[in-house]
Amino acid sequence: MSETVRPNSLFKNLNAKVAAIPMIATVLIVFIGCTLWTALISFTSSRTLPELTFVGFDQYARLFNTPRWNISAINLGIFGVFTLVFSTVIGFVLAALLDQKIRFEGAFRTIFLYPYALSFIVTGLVWQWILTPTYGIQRVVRDLGFETFTFSILNDQRFAIYAIVIAGLWQGTGLVMALMLAGLRGIDEDIWKASRVDGIPVWKTYLFIVIPMMRPVFITTIVLISTGIVRVYDLVVALTGGGPGNASEVPAKYVYEFMFRRANLGQGLAASTIMLTTVLIIVIPWALMEYRGEKRK
Amino acid sequence: MTAITPLSTGPHGKRPARIFTPARIMIYSVLLVAALYYILPLYVMIITSLKGMPEIRLGNIFSPPVEITFQPWSTAWSSACTGLYCEGLKVGFWNSVQILIPSVIISILIASVNGYALANWRFKGSEIFFSILLFGAFIPYQVMLYPLVIITRELGIFGTLPGIIMIHTIFGMPILTLLFRNYFASLPTELFKAARVDGAGFWQIFFQIMLPLSLPIFVVAIIMQVTGIWNDFLFGVIFAGSKNVPMTVQLNNIVNSTQGVKEYNVNMAATILTGAVPLLVYFFSGKYFVRGIAAGAVKG
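Protein sequences, first through last, are from chains A and B.
For the first sequence, this note's numbering begins at 1 and goes up steadily by one.
For the second sequence, this note's numbering begins at 1001 and goes up steadily by one.
By construction, these hints were calculated from the structure, which means they are not laboratory data.
Bear in mind the structure is a predicted one, so any value in this text is a computation, not a measurement.
It is possible that some hints are incorrect.
[To be verified] Here are the computed lysine-lysine pairs in the BS3-like style, where the Cα-Cα straight-line distance is at most 25 angstroms:
(1) K1124/B x K12/A
(2) K12/A x K1193/B
(3) K101/A x K193/A
(4) K1090/B x K1243/B
Isolated chain B (complex conformation) (with noise of 0.2 angstroms):
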């Protein structure tokens, strides 16, 4: 299939117009239209989580507060109830930073080290393994749900730390693996045959050679599984245990559970607070982003 040129080369449209055309009003009252829609939620999110109750109530949700507070922003995080324990959500947010960097190091550094075989030390059966690893990504997770239940309970690490962790990495692994093996295999032949020729092995080239030259590509990773790992749900539900509950998991007890009034604004504070992990990483990271997106997208 063909790869999927980056964005940088330019637009390939018609040559704007000095003045502005009836077509070209056409094109930026469109794109503006769409993407008031597109931001929309993310006001709507912030100005309900800075108004009182109170004015909830009375006012429309997109009218910005009259009286600004950030108590729905403490409460949120520090004192929010899940059923009977009110301790905020802060308990999710370390929860899912404790599942969080473990499943992104271990995840990457087996990756890494799986493309980088695949790359340049092909054995027999190697590609095959590696094609029905890339068909894998396809699998609906919840055909394989249970029996990784019973395997992780004979391992006890069912509803441990370690459970998930291993979920992460399994799961993680096709598009991981991919991105790796293909960064590597664009890389001159003659870097890895020259330190082939010095005698070195398949660790000390790995080490010494191939990781030195591929840092955009582990920021490239960690961006992906930093966000796909913050945003799980079903895995955190299901293998993280009582005691490790992500903060998406927390969130969803939170807002939605029928005890009590609901406070929207609490709400809206701690949607804003789980999401904005993956948000900072998305504003802050621009190009790697695309590139892990069009990575999953050239060959699936």
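One chain only, chain A, in its complex shape (with noise of 0.2 angstroms):
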């Protein structure tokens, strides 16, 4: 820019500025402006396309009132309280593990990682696969001789869920295992050592000392965790289909289904208007928290 030009302030670094219009488009259109429509036609009675005819609450009120979304957010509960106390748990003993001095860590590290980097339609269908009764872990201890084993959680519609459950640990322990050594490595080495020379047990020490240290590295890995467990999709869409009947919907897929298949706009707005205040739920809270701290420093 050359200098004779009379400074204004909307031309003054007017490069940057330039260079951040897709960012400034993104945030403006799509995060602000996409959320915003779709919070404002969930009140509309649309079905085929968008309409401004306001209904107040009624999509909301005709969501809680269908069996198939109930079940739906039920599933994404269960689903979600389990995939969350167990990754943690499994993550953090795994990591606790790998960092007691061991040999090939780098490999065992290798080993928990690797679903990471697999596609959950990769992970569902392979996981369907050791599932399938016929097939599956249920025949393989049926032929070792326990004829009347039954293990067929794809097939049963109270345990599909589980099955779920299962397939989304394996894919995703390893991020937590990943995130937690990390954190275990930044704890200062003379906090073991003090404990040691108290003779503090290592669990004990785990527990009480460094666990407590560990507070943000938890917290960002759970709030990782649960916005990634209200999104679970493609899980379900390859491992059960959401079957057996509706036994393992989740409401990511019964927004699909309700806008993409049934033409029934004003449900799906309004199923993903819940899922957004789900996320801002566990988000906001985290952010504020965050940003607290930051001022602090």
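Using the supplied hints, reconstruct the complex from the two chains, each of which is provided in its own coordinate frame.
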């Protein structure tokens, strides 16, 4: 820019602003615009096409009177709680074990983390095969002589959602392990020396000193896992297709079906707004906490 | 928030004893059992894909193949059926390549320039936009899907390659911008100031000073995008259009189709083929892959 141009605040630093246009457009149009549009239209009676006949909370009332949605919401709860608890615990335990100066640490790490590189579709299809009653684990155990052994969670309405938990844990715990291991490596060596001098057992040191010190790592991990949980979609499509019946449906799938298959836009948008609200409940307190933490520094 | 330290700083646990104590044996056993659990599905996938159908019906899923056959692999690649078309998974593979290459290049170019502007050329409001951008990474995709369908349709790119490329660029932006911004901000500011004094402008500094210094972070970004875009299913289903169906979508159609006799060996071969690209990237990139994960977790 030539210096002879009269300074004007809009043109100051013009190149940077031009360079940031894609970001500004994404923020304004997609993240703010699309989200507000969805929330707004979820209060209308839109079916095949969006329209502006407002009906208040009718779509939401209908949503929570639809068994399929309620099953989806409950399934998300079950999947969420189990995934959160088990992936945090298993991820931390694996990280703690790997942190004991063991041999082949790199090999173990590579093995625990590789499923994370695979897509949910691949994950879902592999576990579908392993859990198929006719050929999978059930058959293997029966062939060993336990003729009445039953393990057919994929065909059982009560347990299909747990098949998704199992596959999801296989795919995702490696990530938690990697984050936790990085957190453990950030703990000061002196803490360990001090606790050894004081004769505190290793497990106590972990439970009462190390874990509290790793609070930020735990919180970040939990927020990351939780927002991923709310989104779960591909895994269900590949592993169970939502079945048997509607037994393993999840909200993200409900949204997709009502928007793109059943031409019931209002329902799809209302359901997606509920998903958004769930995420906001998780993310906003965390964001505020982070922000305050930053200010204090 | 505290930054996550790289894994290379070494373990903090107790120094290993010379002899194997019961505690050490316990640790190794638990780790080995866990490792077996993680490897098992990959093992099952591979051996199933090498068996013939008669052997699959007779044997169990964990026993290695008696007679190794590569027929399922060639069937999966060149003649597996999705609906009426039996041209194999190669169609989806090339579609994914076509989506992947431009999406990776465009999303990284845009995000690197964004990150550079945010790190070195802050303007009024730039931090606010950046905060909302990061926040946007947490919004479930389902919330923005339908309006984006309308927008891409109005632009005339719904169901086309440019459409899906734009979608990948948009949703890759938060994490990539964060990655680049943090990296550029970590470079010594003297470098930037000296270039400014010498009269270099925005683009000149970017191309002649910043880019040559940022090869490692570009590698991290490429790995993140290649695995992320290759593994995408949702955007592919909606935005790519029936002519550009990516590999994951085609794989799911092949395996979960309800017609015909299920050929489990072909299905598993197809599954490995789809997982092969991110797996190869993972096994060959090791540290960079982990760095990408850490970058995503340092700040959300």
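Hint by hint, here is what the structure shows:
no.	hint	result
1	K1124/B x K12/A	holds, 10 angstroms
2	K12/A x K1193/B	holds, 18 angstroms
3	K101/A x K193/A	holds, 15 angstroms
4	K1090/B x K1243/B	holds, 13 angstroms
Every hint from the earlier list agrees with this structure, and none is contradicted.
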